[in-house]
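The primary structure of each chain is shown beneath.
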Amino acid sequence: MSKTKITIAVTGLNNTDNPGPGVPVIRSLKDSEEFDIRIIGLVYETLEPGIYMEGLCDKIFQIPYPSTGSDELIDRIEEIHRRDPIDVLIPNFDAELFSFMKNEERLLRSGIHTFLPTIKQFQERDKDKLPEYGEKYGISVPASLNLGSQNQISEIKDKFKYPVMVKGKFYDAYMAYNSEQVKQAFNKISSKWGLPVIIQEFVKGTEVNVIALGDGQGNTIAAVPMRKQYITDKGKAWGGITLSDDKMLEITRNLIRQTKWKGGMELELIKTVKGEYYLIEINPRIPAWVYLAVGAGQNIPEALVKLALGQEVAPMESYAFGKMFVRYSYDIIVDLEKFETIAMNGEI
Amino acid sequence: MKITDEVRISDNGFVFNSKTGDSFNVNPTGLELTKLIAQGQDFDTIKNMFLEKYELDDLTFEKDFYEFCALIKFHQITTTEDPLDFK
Numbered sequence: 001m002s003k004t005k006i007t008i009a010v011t012g013l014n015n016t017d018n019p020g021p022g023v024p025v026i027r028s029l030k031d032s033e034e035f036d037i038r039i040i041g042l043v044y045e046t047l048e049p050g051i052y053m054e055g056l057c058d059k060i061f062q063i064p065y066p067s068t069g070s071d072e073l074i075d076r077i078e079e080i081h082r083r084d085p086i087d088v089l090i091p092n093f094d095a096e097l098f099s100f101m102k103n104e105e106r107l108l109r110s111g112i113h114t115f116l117p118t119i120k121q122f123q124e125r126d127k128d129k130l131p132e133y134g135e136k137y138g139i140s141v142p143a144s145l146n147l148g149s150q151n152q153i154s155e156i157k158d159k160f161k162y163p164v165m166v167k168g169k170f171y172d173a174y175m176a177y178n179s180e181q182v183k184q185a186f187n188k189i190s191s192k193w194g195l196p197v198i199i200q201e202f203v204k205g206t207e208v209n210v211i212a213l214g215d216g217q218g219n220t221i222a223a224v225p226m227r228k229q230y231i232t233d234k235g236k237a238w239g240g241i242t243l244s245d246d247k248m249l250e251i252t253r254n255l256i257r258q259t260k261w262k263g264g265m266e267l268e269l270i271k272t273v274k275g276e277y278y279l280i281e282i283n284p285r286i287p288a289w290v291y292l293a294v295g296a297g298q299n300i301p302e303a304l305v306k307l308a309l310g311q312e313v314a315p316m317e318s319y320a321f322g323k324m325f326v327r328y329s330y331d332i333i334v335d336l337e338k339f340e341t342i343a344m345n346g347e348i
Numbered sequence: 001m002k003i004t005d006e007v008r009i010s011d012n013g014f015v016f017n018s019k020t021g022d023s024f025n026v027n028p029t030g031l032e033l034t035k036l037i038a039q040g041q042d043f044d045t046i047k048n049m050f051l052e053k054y055e056l057d058d059l060t061f062e063k064d065f066y067e068f069c070a071l072i073k074f075h076q077i078t079t080t081e082d083p084l085d086f087k
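Residue numbers (this note's numbering), protein chains in the order written: chain A, 1 to 348; chain B, 1 to 87.
If you're looking for bench data, these hints aren't it; they were derived computationally from the structure. Misleading hints may appear alongside valid ones.
As the list claims (entries may be wrong) - Facing chain B, from chain A, some residues (calculated, C-beta under 10 Å):
1. Arg76
2. Ile231
3. Thr232
4. Gly235
5. Ser244
Said to hold, decoys possible - Pairs of lysine to aspartate or glutamate residues, derived as DMTMM-like cross-links and limited to a Cα-Cα distance of at most 25 Å, are as follows:
6. A:Lys323 to B:Asp22
7. B:Lys73 to A:Asp246
8. A:Lys204 to B:Glu6
Here the structure is a predicted model, which is why all the values come from computation and not from measurement. From the three backbone atoms N, C-alpha and C, an ideal C-beta is built for every residue, glycine too.
Produce the entire structure from the sequences given, and follow the hints as far as they go.
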């Protein structure tokens, strides 16, 4: 069977110790037996490792941060598209998703397909709205408090027992054992990610995650549960293993059915010793450990591309449990000319 | 007491629980015990087999057996309807 030629643009090539999902997404796409894929890497920074990885991207373009304005970002994407047509765009950062969701139709009119959650789906799972979300969809979530200012830190002791988790709206989470530590975490997080800073009840247990793909009609196209085996000091998985846990799959399928979730997602759950599950976060995109799901038998990025192109995708029901991933770091030697080209021309 | 369906036991003593992601190494005696429990052998049968095979008294076997059972139950390798059931 001849493979269909297709060009896919991918962001998140920052394969650092806090990795973006771009590189594993590309790796998954390159495993596709149906598509002959050409990759356009979209980068914000000139030192994103994916730029320099041999054989990963066919072309790299630098794009402006969404904080400079959605229009500038989309204008740049359209300019790239005019020069090097993009069939499907897979954004991989939480912070850029809103701009792409908002401009989904504009992109489609230009011929760029995406498969993203709706703005409603994206906003209602915001960390600062998690209690309402849990109540609406019948999932246990830890109690939380949104801090709009440091003055509210004194309220914590009336509502929670220490330790508590202190979280940013988009990223970052710290455990705090007293109000002084909350204050430090509040300052770090608010300066980087803005307000509110979220205080979440600490639920003791094991952190487990599910990567999933919803078709936007309520069907779960893919779902693979995983437990982090080795966690970095940034809380990122450096090793993980697929689990055979029907309850986690049931929670995922129920949620996707009720929300009609469209696109990739990651559910972060805490499993207590009593076997109860608490939802602590939903990442509205493919997570960086996606290649584990591919290794276990579910190529989620490939299925997402098919959905973006309007193709029918049958739900993937099985996967191998007990499959592991272990990350590693690797030094790439780079000629200055390559760095100079991306830094000066914004493309390579 | 029953070894849960999600547990895999390798001949070299590697025990993996695919529901929790935990893995353990058991020594040859632990492996023998785990396999007998997995086969559904009851306490008396296992005790008699061990007493016959090893230089061991009743009391030491019972103490070590229950301790082992409590440990594997704690790690969700086994399930019991009745928490006091070690049969």
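Against the structure, the hints:
no., hint, verdict
1, Arg76, "violated, 42 Å"
2, Ile231, "violated, 13 Å"
3, Thr232, "violated, 18 Å"
4, Gly235, "violated, 17 Å"
5, Ser244, "holds, 4 Å"
6, A:Lys323 to B:Asp22, "holds, 13 Å"
7, B:Lys73 to A:Asp246, "holds, 20 Å"
8, A:Lys204 to B:Glu6, "holds, 23 Å"
Hints 1, 2, 3, 4, counting from the list given before, are not met by this structure.
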